[in-house]
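Asks: These are the residues of each chain, in order.
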Amino acid sequence: MAHNETILITGASGFIGGWLAETLYLSSSAADVRAGIRNWSRAARLARFPIEFVLCDVMDRTQIAKAMDGVTCVIHCAKGSEESIIEGTKNMLDAALRFGIKRFVHLSTAEIYGNPSGEIDETFPYQYTGNPYGDSKIEAEKVCWDYYGKGVPVTVIRPSIVYGPFSETWTVRFARNLQSGNWGTFKGYGEGICNLVYIADLVSGILLAARHECSIGEAFNLNGPELVTWNQYFQRFNAALGLPDLRVFQPSSARLRTMIMEPIRSSAKFALAHFQGPLKRISQRFRPAKELMKSAEKSIKTTPRLTDLSLFNRDAIYLTTKAQKMLGYKPTFNLDKGLEMSVRWLKHLGLVDQTRKDTGICGRIITSA
Amino acid sequence: MSNILSQPSKPTSGIKDPPKIALIGCGAIAKEYYLPALTRDTYILNNLVLVDSHRERAQKLATKFEVARYIVDYHEVLDEVEGVIIAVPTHLHHPITMEFLSRGVHVLCEKPLAESANKARMMVEQARKTGVALAVNYLQRLIPSFAKVKELLAEKTLGEPLSITYFVGEEFKWPTVSGFYFNSPISSGGVLRDRGAHVFDHICWWLGEKPKLVSSQNDAFGGREAVAYVQFEHQKCIGEVKLSWLASFPCRFMVECERGTIEGDVYDYQSILLKRGVGQNQRINLKSRDKTKVDIACKVVANFMRVVKNNELPLVSGSDVLDSIKFIDECYEAATRFDMPWYEIRELNSGS
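Chains as they are written, first to last, in this note's numbering: chain A, 1 to 369; chain B, 370 to 721.
Since the hints were made in silico from the structure, they are not lab data.
Just so you know, even glycine gets a beta-carbon here, dropped at the ideal spot from N, CA and C.
Mixed in with the good hints, there may be bad ones.
Quick look at which bits of chain B chain A covers, simulated, 3 or more residues with Cβ under 8 angstroms [unchecked claim]:
id	region
1	410-416
2	587-597
3	701-713
Heads up, simulated SDA-like pairs for lysine to any residue below, C-alpha to C-alpha not over 25 angstroms straight-line [said to hold, decoys possible]:
id	chain 1	residue 1	chain 2	residue 2
4	B	LYS662	A	LYS330
5	A	LYS330	B	LYS433
6	B	LYS433	A	GLY277
So the derived list for chain A, only partly shown, Cβ under 7 angstroms to chain B, looks like this [what the hints assert, rightly or not]:
id	residue
7	SER41
8	ARG45
9	ALA47
10	PHE49
11	PRO116
12	PRO165
13	GLY188
14	GLY192
15	MET341
16	TRP345
17	LYS347
18	LEU349
19	LEU351
Working from the sequences, and respecting the hints, build out all of it.
Replies: Structure (structure tokens):
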């Protein structure tokens with residue numbers, strides 16, 4: 001980034017926002033980083049770096065105004081409820097307009113294309129699916145274009161499936177599922193294109209977009225260099241973790257498990273929402289109840305949802321031709337390299353089992369009476 | 370009225386003429402720990418002053434817990450109170466505690482006692498000079514499971530300890546109000562100083578003294594470490610500790626001795642696993658009324674009232690924890706960074 005730049009990153013305690021702040025710090029960029037966080041409770045990761053923190057709840061206009069003071073560029077990664085995705089983006093853009101911000105990069109998602117098939121470039125129209133996340137991101141993009149019309153120099157980034165260290169959804173969750181022994185490949189469902197992009201590639205794409213004048217008023221897909229199916233992702237991730245071969249779920253079996261688990265999942269969600277306190281007390285008092293709850297939780301977490309099966313079956317490829325041509329975007333992490341980093345990170349944090357001989361860093365003491 | 374206040378009043382200290390006490394700091398620890406304990410005893414409540422430099426914070430807790438008086442400047446009560454509970458960010462423990470100790474006021478200080486062993490020693494020395502008590506809230510020493518380990522090691526029926534393994538991994542979720550843990554200019558350490566305060570206190574307490582540091586690694590890049598790994602040795606015993614604010618993994622400890630093994634879950638206060646010789650693991654259930662942190666807080670607060678009023682000894686005093694604070698200092702001094710290849714960020718494209 002240029003000298004005298006001050007970049008405000010919203011959602012800096014999150015997966016992508018955190019990576020952006022860390023990358024800017026580590027790359028000795030001349031820009032000053034200002035990490036916008038909603039509260040302090042998730043700041044532990046970023047606080048390892050001597051980076052400036054500001055409280056910046058995107059629903060709080062007073063906080064936004066303070067956070068935005070002296071900023072030249074905003075990279076808006078904060079997400080949350082549907083309201084905060086839409087209204088929060090509007091609040092940020094409104095402040096950007098008032099403060100005369102030079103660049104505003106909005107982190108959207110490839111989910112705004114809905115459930116398409118084939119090759120998808122940035123001209124593909126928005127598609128509402130009823131998925132609150134994707135639908136609210138469409139609304140947020142519309143707000144962006146509205147403010148672009150008013151003079152805010154907006155760029156929109158549409159990442160595909162972002163994996164790597166600190167990815168809860170696509171790395172940690174699958175690592176746990178694979179390790180549980182309940183996961184597998186899904187015949188008839190897992191043959192869709194996975195569209196994986198390693199986090200460091202995404203971050204470099206975002207920073208290229210923030211730097212290039214030509215990106216103002218444009219949207220960019222950012223995807224990885226290698227196309228694999230979801231089943232291939234599970235297999236290669238499984239191999240990288242050094243686990244035994246995955247079981248193969250036949251189409252009928254995969255669907256049946258999912259259908260059985262859906263009402264159980266809904267009931268558990270309801271129970272947790274309404275009876276969390278009593279359930280916690282029961283589990284603390286009665287060991288068998290605790291074991292039962294743990295077992296139910298494991299089954300729920302390691303069985304794909306209907307929406308997962310639909311995603312695993314999606315036959316869409318998000319093209320990055322525009323980003324390559326206009327920004328010089330070149331993703332360099334193929335799946336093997338991205339998975340190697342992911343697995344090393346998982347082991348470092350003790351998020352996957354390993355014998356104590358592996359690294360000496362984090363074994364697990366598991367013994368039962 | 371809050372749920373806490375609707376519980377029947379239970380005089381925990383047994384003192385009907387309690388001392389005048391100030392609670393300094395109205396952040397998360399005051400709200401979650403000290404005030405639920407202090408307000409269980411109406412006698413204490415009537416003699417309590419809340420202090421916080423942010424008036425709204427003090428007012429909010431005073432209203433919630435029905436404390437009649439709150440102020441913003443602790444200097445107002447320097448010559449007024451007999452005892453003070455220090456629940457402010459760690460870097461303020463030393464200066465505020467020193468002021469009260471030098472005025473002859475008894476102090477109960479939140480953990481960690483100080484940012485360094487030097488400062489902690491000064492505090493202990495000041496308490497000795499003025500003849501008042503410096504109690505510290507290293508509450509985990511009062512938890513039955515940890516106390517049982519100490520008892521088993523002290524009686525030596527299992528022989529000498531050969532290894533200690535202690536892992537505490539939890540994502541940081543403490544509802545810190547000031548953000549002092551992470552605010553670089555005022556913060557005083559990361560997971561080592563925070564979770565490590567208890568873990569290394571246990572280890573020093575169990576072993577009877579400070580072990581020798583073998584290696585120390587963490588993940589700080591000039592900020593506050595969120596993951597730390599430490600190896601140590603003491604006589605025949607070797608040990609390893611892993612602490613994390615970034616990931617949850619089973620929080621457990623294991624002490625292998627010459628003739629048996631003790632294991633425990635950090636959050637299971639009521640039992641440990643004990644294996645004698647080559648026998649099977651046996652779960653030892655420890656009967657105690659102290660099931661929650663607030664139960665322990667009641668004990669700590671009640672003891673402090675008696676320390677102030679009757680010159681009773683503190684459950685844990687400042688001098689008891691000097692070894693662990695010194696050990697943590699050594700961990701910082703010797704620390705190297707973990708190998709983290711995912712941070713080998715290549716030069717960004719200039720994109721020009």
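Asks: Next, verify each hint and record whether it holds.
Replies: Results of checking the hints against the structure:
no., hint, in the structure
1, 410-416, "violated (count 0)"
2, 587-597, "holds (count 9)"
3, 701-713, "holds (count 5)"
4, B:LYS662 x A:LYS330, "53 angstroms, violated"
5, A:LYS330 x B:LYS433, "57 angstroms, violated"
6, B:LYS433 x A:GLY277, "21 angstroms, holds"
7, SER41, "5 angstroms, holds"
8, ARG45, "6 angstroms, holds"
9, ALA47, "4 angstroms, holds"
10, PHE49, "5 angstroms, holds"
11, PRO116, "30 angstroms, violated"
12, PRO165, "5 angstroms, holds"
13, GLY188, "35 angstroms, violated"
14, GLY192, "27 angstroms, violated"
15, MET341, "4 angstroms, holds"
16, TRP345, "5 angstroms, holds"
17, LYS347, "11 angstroms, violated"
18, LEU349, "4 angstroms, holds"
19, LEU351, "5 angstroms, holds"
In this structure, the earlier hints numbered 1, 4, 5, 11, 13, 14 and 17 are contradicted, and the remaining ones agree with it.
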